[in-house]
Amino acid sequence: MARLILPCKSSCLAKTSLLGFISSAPLRATSKPRCLQNPVRYISKHRGFISSEVTFRRKYKFSYPALYRDKQDRRRLICAVATDPLPKQVEESKMDTPKEIFLKDYKLPDYYFDSVGFTFLLGEEKTIVSSKITVLPRVEGSSSPLVLDGADLKLLSVKVNGEELKNGDYHLESRHLTILSPPSGKFTLEIVTEIYPHKNTSLEGLYKSSGNFCTQCEAEGFRKITYYQDRPDIMSKYTVRIEADKSLYPVLLSNGNLLEQGDLEGGKHYVLWEDPFKKPCYLFALVAGQLESRDDVFVTRSGRNVSLRIWTPAQDVPKTAHAMYSLKAAMKWDEDVFGLEYDLDLFNIVAVPDFNMGAMENKSLNIFNSKLVLASPETASDADYAAILGVIGHEYFHNWTGNRVTCRDWFQLSLKEGLTVFRDQEFSSDMGSRTVKRISDVSRLRISQFPQDAGPMAHPVRPHSYIKMDNFYTG
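Numbering-wise (UniProt numbering), the sequence shown opens with residue 1 and increments by one.
Since the hints were made in silico from the structure, they are not lab data. None of the values given here were measured: they were computed from a predicted structure. Treat the hints with caution; some may be incorrect.
Straight-line C-alpha distance at most 16 Å; calculated EDC-like pairs for lysine to aspartate or glutamate [what the hints assert, rightly or not]:
#1 K186 - D110
#2 K268 - D233
#3 K278 - E173
#4 K132 - E274
#5 K132 - D114
#6 K328 - D316
#7 K154 - E140
Ranges between beta-carbon positions, derived for each pair [unchecked claim]:
#8 E163 - A383: 56 to 62 Å
#9 L103 - D295: 42 to 48 Å
#10 D169 - R446: 54 to 60 Å
#11 R175 - L445: 33 to 39 Å
#12 L248 - D453: 46 to 52 Å
#13 K132 - D295: 30 to 36 Å
#14 A383 - K132: 44 to 50 Å
#15 S465 - E163: 39 to 45 Å
#16 F422 - M235: 19 to 25 Å
#17 G262 - P109: 34 to 40 Å
For each residue, glycine too, the CB sits at the ideal point set by N, CA and C.
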């Protein structure tokens, strides 16, 4: 196993976040760090670096892990981004040359996926993912090739209308699976893949960390789970069955409402989830592990009871009281101000310490880094409480501005994010001081957004092209 090691000259690097996102033991230093000799001057000098590297907004990847992995060497920060050797099929695949995607080249998909059913067999060494997709051609009678995205997958089988395809019926590349001559009308596509979450240190797709399975699919992580049209204009109804060892993974979560659950032979159990609303695959989520929850109920303006649960490791449950307050306040505010009522019977939040995207608005199953959920009066500041209120609200507001109404393509990223940021700013202003909130927002623009717009990462609100979409999740 290889790791990327980032050298650190002094202990101040682990502490230079204005919001305190990196919490770790101090590094050994032979002399007093410059940031302690003149802290005001140091922070002023490096504020652009500090605010751009670590921020409380969702989707801003943390550049360094929360804890040091190597306690013997406290002069180094370790970021696990390289992978163990993968199975032969994956290891020998050739990386494609990065391809620039242009807005002008957008065209409607040749096929739509009306509904999808997934079965996940979670294991310690491998996970089997079975999908059953109802495929509809955009143009009736068309039989153009169906191109599916995929990465780091082991293909086990492909079936069309129940018949297994032979090698000549499809073409498999390192990044794509192409069904060469699909039926001309509606048909069923079944694909079985094998993946290795415990070796997935990209933290995209389905990965395992700290004993828990977790997903991150925005922007293009779903292709690391199974072969699929990994683009936001493919919207489908999802049914998800998860099977796992009950003692190791007593909690099994996915999108939508819980239809059924039960025990299986061999100490395993299963759950069946259904999301009745169509969504793009970047909003898919799965979490499995040993978690406990804080439970509450929100009564909508139409009188429906919505079950609310915030899942964390057992020791962190007492620190979720403010997050639950924030969630209920956001649900009430969205009804009062925008007339938008939550549309399912259950809303889950999961907070884990090693989620790399800050926060993610997966339909009915929001996933957060623990820093953006946990707070206690003994350690949290007013800024921490305000940040939790704003981010919990932001991800909940995405239920309508981003989930139910979503992007056509990733060139429209700023539409869903910009509108939802406006909504969470209005929410925070109404819940606190509008003047203080405005000053804070403008300060953040001046500190991080303005320098970015004046530097090499500057780009239009809607770019004309991109090579890797992740580069646009910035200030």
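Report task. Return the numbers of the hints above that this structure violates; sort them in rising order. Result -> Hint check: 2, 3, 6 and 7 fail, others pass.
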